[in-house]
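Q: Next come the chains, spelled out residue by residue.
Protein chains: 2
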Amino acid sequence: MSGSIFQAPTAAMVRVDDPFWSPRVASVRSGTVPVFYERCREAGILDHIDPDIADKPQRDLAGIHGFSTQRFWDSDIGKLIEMAGYVLLLGRDAELEARIDALIDRLDRMQQPDGYLNSWFIYQEPGKRWTNLRDDHELYCAGHLIEGAIAYFQATGKRALLDIMCRYADLIAATFGAGPGQKRGYCGHPEIELALVELARATGEKRYLDLARYFIEERGRQPHYYDAEARARGADPAAWHFGSYEYCQAHLPVREQTKVVGHAVRAMYLYSGMAEIAAETGDASLKAAGERLWRDLVSKRLYVTGGMGPSATNEGFTADYDLPNRTAYAETCAAVGLVFWASRMLRMGPDRRYADMMELALYNGALSGLSLDGTLFFYENPLESRGDHRRWKWHRCPCCPPNIGRLIASLGRYVYGVSADAIAVHLFIGSDAKLTVANTAVRVTQRTHYPWEGSVSITIEPEHPVEFELAVRIPGWCPNAILRLNGAQLMRGDMVIDAGYARIRRRWSVRDRVELVMPMPVERLRANPEVADDAGRVALRRGPLVYCLEGVDNAVPLNRLTLADRTTITPAFDDALLGGMVTLSAAASAETSEGWEGALYRNAPPNRAPAAIKAIPYFAWDNRDAGEMLVWIRGG
Amino acid sequence: MSGSIFQAPTAAMVRVDDPFWSPRVASVRSGTVPVFYERCREAGILDHIDPDIADKPQRDLAGIHGFSTQRFWDSDIGKLIEMAGYVLLLGRDAELEARIDALIDRLDRMQQPDGYLNSWFIYQEPGKRWTNLRDDHELYCAGHLIEGAIAYFQATGKRALLDIMCRYADLIAATFGAGPGQKRGYCGHPEIELALVELARATGEKRYLDLARYFIEERGRQPHYYDAEARARGADPAAWHFGSYEYCQAHLPVREQTKVVGHAVRAMYLYSGMAEIAAETGDASLKAAGERLWRDLVSKRLYVTGGMGPSATNEGFTADYDLPNRTAYAETCAAVGLVFWASRMLRMGPDRRYADMMELALYNGALSGLSLDGTLFFYENPLESRGDHRRWKWHRCPCCPPNIGRLIASLGRYVYGVSADAIAVHLFIGSDAKLTVANTAVRVTQRTHYPWEGSVSITIEPEHPVEFELAVRIPGWCPNAILRLNGAQLMRGDMVIDAGYARIRRRWSVRDRVELVMPMPVERLRANPEVADDAGRVALRRGPLVYCLEGVDNAVPLNRLTLADRTTITPAFDDALLGGMVTLSAAASAETSEGWEGALYRNAPPNRAPAAIKAIPYFAWDNRDAGEMLVWIRGG
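If you read the sequences in order, they're chains E and Y. Just so you know, our numbering puts 223 at position 223 of the first sequence, and the rest follows in order with no gaps. Every position in the second sequence, counted from 1, becomes a number in our numbering once 636 is added.
It is worth saying that the hints were derived from the structure and are not from the lab. No residue lacks a Cβ here, since even glycine has one placed at the ideal position from N, Cα and C.
Partner residues are not named here, just some residues of chain E that face chain Y (Cβ under 10 Å, in silico):
hint: 1; residue: Arg-295
hint: 2; residue: Leu-302
hint: 3; residue: Arg-524
hint: 4; residue: Leu-525
hint: 5; residue: Asp-533
hint: 6; residue: Ala-535
hint: 7; residue: Val-538
hint: 8; residue: Arg-560
hint: 9; residue: Leu-561
hint: 10; residue: Thr-562
hint: 11; residue: Glu-591
hint: 12; residue: Trp-596
hint: 13; residue: Arg-602
hint: 14; residue: Ala-604
hint: 15; residue: Pro-606
hint: 16; residue: Leu-630
Chain E residues, not near chain Y, derived (Cβ > 12 Å throughout):
hint: 17; residue: Ser-27
hint: 18; residue: Asp-170
hint: 19; residue: Asp-553
hint: 20; residue: Ala-587
Straight-line distance between alpha carbons at most 30 Å, and here's what the computed DSSO-like set of lysine-lysine pairs gives:
hint: 21; chain 1: E; residue 1: Lys-183; chain 2: E; residue 2: Lys-206
hint: 22; chain 1: Y; residue 1: Lys-936; chain 2: E; residue 2: Lys-614
hint: 23; chain 1: Y; residue 1: Lys-819; chain 2: Y; residue 2: Lys-895
hint: 24; chain 1: E; residue 1: Lys-206; chain 2: E; residue 2: Lys-287
hint: 25; chain 1: Y; residue 1: Lys-1250; chain 2: E; residue 2: Lys-300
hint: 26; chain 1: Y; residue 1: Lys-923; chain 2: Y; residue 2: Lys-936
Please build the complete structure, drawing on both the sequences and the hints.
A: Rendered as structure tokens:
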């Protein structure tokens, strides 16, 4: 592994202790994990890996396109174990560990003598393994189990599942590749690529990195593996439901891909894997491909919330600037995937283009997927609702709950980047981190009331004085940030501002303290005029938080309201609201029903009356009574 | 039959000769009829009724909800024959008649000894007739064949199909009813009700009216027939895909229904049947139920185009004021159905509430379903498109082409209403009608350039001078209409204005001439503020025509444009455009891309620049290159 890249610390190395995030981490521990375990049990997902149950459940076979989501059940187990691993870092829990150990025991007994491990192909379609990589999520399931194994090992020191998954990864490495007798395939749903990189890091085994690289390099090459694979099954490749291999980003070799297309979660996971390989190998053309895709996403295809993928049809991307609000699919997992991708782009060095987006997706489009108590979920994250979009307890494809759960429970992994002689501060989250830089153990502590307030205190405690660079992100939304070192304001000469990071190189001593002060005015965002759905509308943002109106806080239907350009918008912390939130209030005007009795259309414009608007952070919507929600407010 | 109701003339009685409509009628004759025949042939629909073809095609069995649209194929044949009947009135056509006669011969040979006639249950599911009225469209198919039989008989004098359908109707009458041994069922898709009323009129047989009345009266009663029927099939009524019987307007007895709900076409057809029965029987409570449903539709659930039913899920209604534009389903057949319903409400006397809506739906939401050449079709009629909604050649459920085709080809049926001593002029369409009023033959001729111009000349030629009332509609959009009789302006004392009709009672002599002069200013319509999707937007209407912007006529993307409230909008006839159209032009302003390079969101509002807008009638959109379309334009 290269020492010049900015590695993420493991979750074990950064303990989150933060007024905003700690309650959310606690809700994942007390809510999401037990609820998800129980619902997986009720759905039969846990029984499906039990070799002692001969008569395996078969569910949902008449699902979308006649395809069963049961094929991805192993991935839910992987994410459950991963999420459990992270919450066990917060404090061991014998009952939870016993449950996970029992699952691992089932996986151990399910594993075939050659290392193969996939419950669908062992129990439901024996003899058909590796026959439909395009559709069947076989390597995807392996990837999630690998990630689960790593997290559980790092939390508990128990390496049973890690060993199981190494055996399976070794079988996969023997099966796939360009060598004689090997299959030149790769998964229709990318995931295993980034998991294998993590496995290489966790085990120090470079061969897993090589396998990840192989999957990335092979993707989209001609003659096309999925064509050959379909014909081998007796199927017509042209008859595929999804039409183009754009759906799974296998339409072109990855370096030739220039547009973010297809299924949004697959895209994010693939690009994450590409970034990992680019960082680990220093491959400039792979890095450039990722940067091109990134620019395409953020300049043409991303919701203001960091959500993406407007269409339910392909769970993904459509056309440039096609960003409908009410019908936005914007899957929670896609915004989680953007956090993953951005964090991997940051492996190649601090750059706020990536960290700003990582933060945006985290605090908005991803976090919105989880209820405040951690027990209810969004799959789709629209930017407008008439009150008919509600959080659910369960979904036939339950990928989102453990995805947002594992992200929140492992948030420490995203706060810092650490290279041989630099520490980058990507996120402002109260935390205690034990890092190693310049061959020296350094404790880094953050204290902050972010995102409600814009002050962050960063304490540096090396085990002995040592020179390195501290790179602190100055968010793009904050042009007037101030930095202080031990109480004295840092001026231009004291640091270098590079790619949006204040880089402070010095000899750090115990209890050096850096303070970052970020003014947080309320911003009125406008969308590029190419975005037809946001024409004439404004979105409110303060710091990293995008706001929305909810029906419960506003006296009139939300699309009657217009917010004039010069009106003052007042932030205020309301500690009684949803566990404490900064709300935004402003005077507005609203169209009235006066004179409209019984009329649906008329010539005269509606009358207007003064009104007030109150906005809450987007992530917190639908935690109260059902009602309307609106991000893009009519401008005045 | 009652003499006090306003009967519609048959298509044979009113010959359309109109600069606007005659080319459209001709395009149905030369385009829609042969194209629809050919596509029905290609799809196997014509073979499906051929007793000589033993191996019947089975198509599309994996369609929506596993349900085959093949079950309604007989209805397509009924509508094909009906459409053919109307175009044969324009001039006999030996080749077309031979084709239709051959189809009728197949139907004759297919008919079972007891009169039963349904190709699905004869060939695909023998033994299952009348086992699933809720879903299987069995009586619906009969209704369309009945309408086809009447039209073909009236056009050609050939009564073979009429006799076939009378035999079938007699079997249906024997099968369904409240008598001993009869089934108390009714069709999930209303249609046969209005067809039976027409059959009673065409044959003079009151028993068909009684059967129609039975179907109306029985609908929605408890214990629910569809529950019992499902249980008899071994099915769980609660497991029905569509959930509530609101889907087919069978959730309550019809007099207790107060909201327009469910599948929009079914709703329109049912309400049409209710209006026919209310008119024929003078049933005040049934009339009141229809009026209640009408008010609900026009005050809360109707697009400005006369389209309705926003949702593809139920092909129908959702919630009050839920009228999304881009995703509007607004099936062509539903707008056609509104023409049917309105025309039936007019049986109870002239009332412009109904005639205005009949005209609105006809010229906008229905007519939009047919390309100018009569060969391409819309199923959905959205009010906004990004260029991805195009007319199609064929559809797995090809109900719309013959529905709009038969409406246009039989337009004469909708122009007048005739009672014992009054003629009502509902529509302004150049035509020559042979009517009978006050027991006297009266020729009524209209000459007009409507809807492009607002002057209409109506010549009355009784075979001898006779007193009756001429009731001329004054459209609701025209507050300043002028009426002249033989050149002299009619004043208040010369007529009575009642329910929006100028009623002129006098002794009419040969070549009396009434002129109606309607100023046609361009109107800016606003939607009720409850309609969130139209907030801050205006729709343009001139006379009966709703307008839209198309990309091809406008230099900038349509949602960048705003039209200020006081700008002058100029109508102009462009004889080179799409066969001749009045377009609307105005100065506007547009947001520019200046300074937006690479940015998707920013704080500063977009710059604006002057721009021009040009609108064309909504019905004519997508007859040129693909591109954007917008009805509701941003207001300034």
